[in-house]
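Asker: Letter by letter, the chains look like this.
Protein chains: 2
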Amino acid sequence: MKNCIIASTSTIHGSQPLEYLQETLVELYNNCDEILFIPYARPGGISHDEYTIGINNIFKKINKKIVSIHMFDNPNEAFGNVQGIYTGGGNTFLLVDQLYRNQVIESLRKAIQSGIPYLGTSAGSNICGLTMQTTNDMPIVYPSSFKTLGLVPFNINPHYLDPDPKSTHKGETRETRIKEFHRLNPQPVIGLREGSWLEVKHEEIILKGSLSARIFEQNKAPYEIDPGTSLSQLN
Amino acid sequence: MKNCIIASTSTIHGSQPLEYLQETLVELYNNCDEILFIPYARPGGISHDEYTIGINNIFKKINKKIVSIHMFDNPNEAFGNVQGIYTGGGNTFLLVDQLYRNQVIESLRKAIQSGIPYLGTSAGSNICGLTMQTTNDMPIVYPSSFKTLGLVPFNINPHYLDPDPKSTHKGETRETRIKEFHRLNPQPVIGLREGSWLEVKHEEIILKGSLSARIFEQNKAPYEIDPGTSLSQLN
Chain A
86 MKNCIIASTS TIHGSQPLEY LQETLVELYN NCDEILFIPY ARPGGISHDE YTIGINNIFK
146 KINKKIVSIH MFDNPNEAFG NVQGIYTGGG NTFLLVDQLY RNQVIESLRK AIQSGIPYLG
206 TSAGSNICGL TMQTTNDMPI VYPSSFKTLG LVPFNINPHY LDPDPKSTHK GETRETRIKE
266 FHRLNPQPVI GLREGSWLEV KHEEIILKGS LSARIFEQNK APYEIDPGTS LSQLN
Chain B
86 MKNCIIASTS TIHGSQPLEY LQETLVELYN NCDEILFIPY ARPGGISHDE YTIGINNIFK
146 KINKKIVSIH MFDNPNEAFG NVQGIYTGGG NTFLLVDQLY RNQVIESLRK AIQSGIPYLG
206 TSAGSNICGL TMQTTNDMPI VYPSSFKTLG LVPFNINPHY LDPDPKSTHK GETRETRIKE
266 FHRLNPQPVI GLREGSWLEV KHEEIILKGS LSARIFEQNK APYEIDPGTS LSQLN
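Protein chains in written order, with the numbering used here: chain A, 86 to 320; chain B, 86 to 320.
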C-alpha cells in the first residue's frame with residue numbers, strides 16, 4: 086500500500102526548493118489538506134522552527150498546511166490522523182538519532198506502509214533504504230542504530246556525484262565509497278543524481294526524472310538505468 | 086612525550102604514496118628498525134595482506150621493516166616491543182570499529198603517549214582527534230563508539246576541500262558539514278588540506294607543509310592559519 090516519492094534532493098540548481106517536484110507533489114498529496122513535516126535533520130543546524138517556517142511557505146503554493154512533529158508534546162500523537170508526511174534533508178545521523186530518541190520510527194514506518202503519502206528528500210530519502218550506511222553526511226551525532234525504514238529493499242545514495250576526471254583530490258570518490266560499503270554489506274545501492282526520484286506505489290518502484298541512475302550491486306560492475314526503469318526486482 | 090605526524094593524506098597529486106613526507110619520516114622514525122602498521126582502515130576494501138605489502142614496499146625505501154598488527158594472534162602483543170607505528174588511511178568507521186573490536190585502542194594510545202613515534206594519514210589521522218565525528222567517510226560499519234585517541238585537544242578533518250564557487254551541486258560543502266558538527270559538539274576542528282600535516286612533539290602542535298589550514302571554532306567565523314603556526318592553545 087506504499088505511496089512514496091524518494092528524491093535525491095529538495096532543490097536542483099537554478100530552481101526554488103521542491104519546484105521541480107511541484108506537479109508530482111500535487112498528485113502525491115491529492116487527498117491531503119495537512120502534511121506532517123519531520124524537520125529532525127535540520128540542514129545547516131537551523132532550528133526546527135526555522136526549518137518548518139520555510140517548508141510551510143513552500144507548501145502554501147500547493148495549498149497544503151504544514152504541521153511539524155516537533156510541535157507535539159508526544160511526537161507519536163502526530164501520526165494519529167496523519168494525511169501525508171514529508172521528511173526534509175539535512176544531516177542523516179541527526180535525523181536517525183532523533184527518530185530513535187523520540188521513538189517514532191515504528192509509527193513512521195507503519196503510517197507509510199498503510200499508504201499515507203510520503204515524500205523524502207536527501208536525508209529524508211536515505212531513511213527509506215535498509216540502512217543509512219550510504220549517506221554522504223558527517224557523523225555529528227551517534228545514533229542508537231544505523232537501521233532505517235526499509236521501504237525499498239536496497240540502500241539509497243542521494244546527491245549521487247560522478248567522479249570528476251580532472252580532479253587532483255585524493256579523497257575517495259563516491260563510487261569508491263560505495264565499493265567499500267559492499268565489502269561489508271550485501272544490499273544493492275542506488276546512486277540517485279540530483280533531479281531524480283523514485284516513485285513507490287504498492288510494491289512497484291520506478292526511477293523518475295530525466296536522468297539515469299547508477300546501480301551498485303555487490304560483486305558486479307556498476308551500471309546505469311534509464312528513467313522509467315522498474316527497480317522492484319532489485320534486492 | 087608525544088612524537089607524531091598527523092597528515093591529511095598519504096598521497097598528494099602527481100607523487101608516490103608518502104613521497105612528500107619522506108624526509109619527515111626519516112626524522113620521525115630515526116631510532117626505529119621496524120614499524121608496526123595498522124591496516125584496519127583498508128582503502129577500497131583491499132585485504133590487510135595486500136595493504137601491508139604495499140606499505141612494506143614504500144617503507145623499504147627508508148630502510149624500515151613493516152610488521153602488521155593483523156599478523157599477531159593477540160593484537161595487543163604487537164605493542165610489546167613496538168618501536169614506531171603507522172596507521173594508514175581508508176575508511177575511518179572500519180578503522181575505529183576494528184580498534185575497539187580488537188581491544189587495542191588503549192594499547193595504541195599508551196604507546197603513542199609514551200613517545201613511540203606515530204604516523205597517521207587520513208583515517209589514521211582522524212583517530213588522533215577527540216572523536217572521529219569530522220571524518221568524510223561513509224558509515225559502512227557501526228563502531229561501538231565514535232570516541233578516538235584524543236592525542237590533540239580538537240578534531241581533525243583530513244582531505245579538507247574548499248567550496249567550489251562554480252559548483253551546481255546541492256550536497257553540503259565541507260564547511261557546512263563542520264558548521265552542523267558545531268551545532269552539537271564544542272571542540273575546534275582543523276581542516277587539513279592535502280599536503281599539510283601536524284607535527285606533535287610533547288605538547289607542542291605545529292602546522293607543517295606549504296599550505297595554510299582552516300580552523301573552525303564553535304560560534305566563531307572560520308579562519309586560516311599559516312604553516313609554522315602553533316596549535317597548542319587550540320581547545
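None of these hints come from the bench; they were simulated from the model. Honestly, I wouldn't trust all of these hints.
It does not matter which identical chain is meant; a pair holds if it fits inside one copy or across any two.
Stated by the list, open to error - With a straight-line Cα cutoff of 20 angstroms, these simulated EDC-like cross-link-like pairs (lysine to aspartate or glutamate) come out:
1) Lys232 to Asp182
2) Lys251 to Glu284
3) Lys305 to Glu108
4) Lys264 to Glu135
5) Lys264 to Asp118
6) Lys87 to Glu104
7) Lys251 to Glu289
8) Lys87 to Glu119
9) Lys149 to Glu260
10) Lys145 to Glu309
11) Lys305 to Glu284
12) Lys305 to Asp134
13) Lys255 to Asp134
14) Lys255 to Glu104
15) Lys264 to Asp134
16) Lys145 to Glu302
Asker: All hints, please: hold or fail.
Answerer: Quick rundown of the hints versus the structure:
Taking identical chains as interchangeable, the C-alpha atoms of Lys232 and Asp182 lie at most 20 angstroms apart whether they share a chain (11 angstroms) or sit on different chains (17 angstroms). Proximity of Lys251 and Glu284 under a CA criterion of 20 angstroms is satisfied in neither setting, with 34 angstroms inside one chain copy and 31 angstroms between copies. Neither within a single protomer nor between protomers do Lys305 and Glu108 lie at most 20 angstroms apart by alpha-carbon distance, with minima of 36 angstroms and 42 angstroms respectively. Taking the shortest alpha-carbon separations for Lys264 and Glu135, only the inter-copy value of 17 angstroms comes in at or below 20 angstroms, while the best intra-copy value is 37 angstroms.
Taking CA atoms no more than 20 angstroms apart as the test, Lys264 paired with Asp118 passes in neither setting, with 43 angstroms inside one copy and 35 angstroms between copies. Taking the closest pair of Cα atoms, Lys87 and Glu104 never come within 20 angstroms of each other, the shortest separation being 23 angstroms inside a single copy and 55 angstroms across copies. With identical chains, the CA atoms of Lys251 and Glu289 are never at most 20 angstroms apart, being 38 angstroms at best within one copy and 38 angstroms at best between copies. With identical chains, the CA atoms of Lys87 and Glu119 are at most 20 angstroms apart within one copy only, with a shortest distance of 18 angstroms there and 59 angstroms across copies.
In this assembly of identical chains, the alpha carbons of Lys149 and Glu260 never lie at most 20 angstroms apart, being 38 angstroms within a copy and 34 angstroms across copies at closest. For the identical chains of this complex, Lys145 and Glu309 are neighbours neither inside a copy (36 angstroms) nor across copies (43 angstroms), given an alpha-carbon limit of 20 angstroms. For a Cα distance limit of 20 angstroms, the shortest separation of Lys305 from Glu284 qualifies neither inside one copy, at 25 angstroms, nor across copies, at 42 angstroms. For the homomeric pair Lys305 and Asp134, neither the shortest alpha-carbon distance inside one copy (45 angstroms) nor that between copies (23 angstroms) is at most 20 angstroms.
With identical chains, the CA atoms of Lys255 and Asp134 are never at most 20 angstroms apart, being 39 angstroms at best within one copy and 22 angstroms at best between copies. Proximity of Lys255 to Glu104 under the C-alpha cut-off of 20 angstroms is restricted to the inter-copy arrangement: shortest distance 14 angstroms between copies versus 35 angstroms within a copy. Taking the closest pair of Cα atoms, Lys264 and Asp134 come within 20 angstroms of each other only across two copies (19 angstroms); inside a single copy the shortest separation is 38 angstroms, beyond that limit. Within a single copy, Lys145 and Glu302 get their C-alpha atoms no closer than 40 angstroms, and across copies no closer than 38 angstroms, so neither meets the 20 angstroms cut-off.
Checked against the numbered hints above, the structure breaks hints 2, 3, 5, 6, 7, 9, 10, 11, 12, 13, 16 and satisfies the rest.
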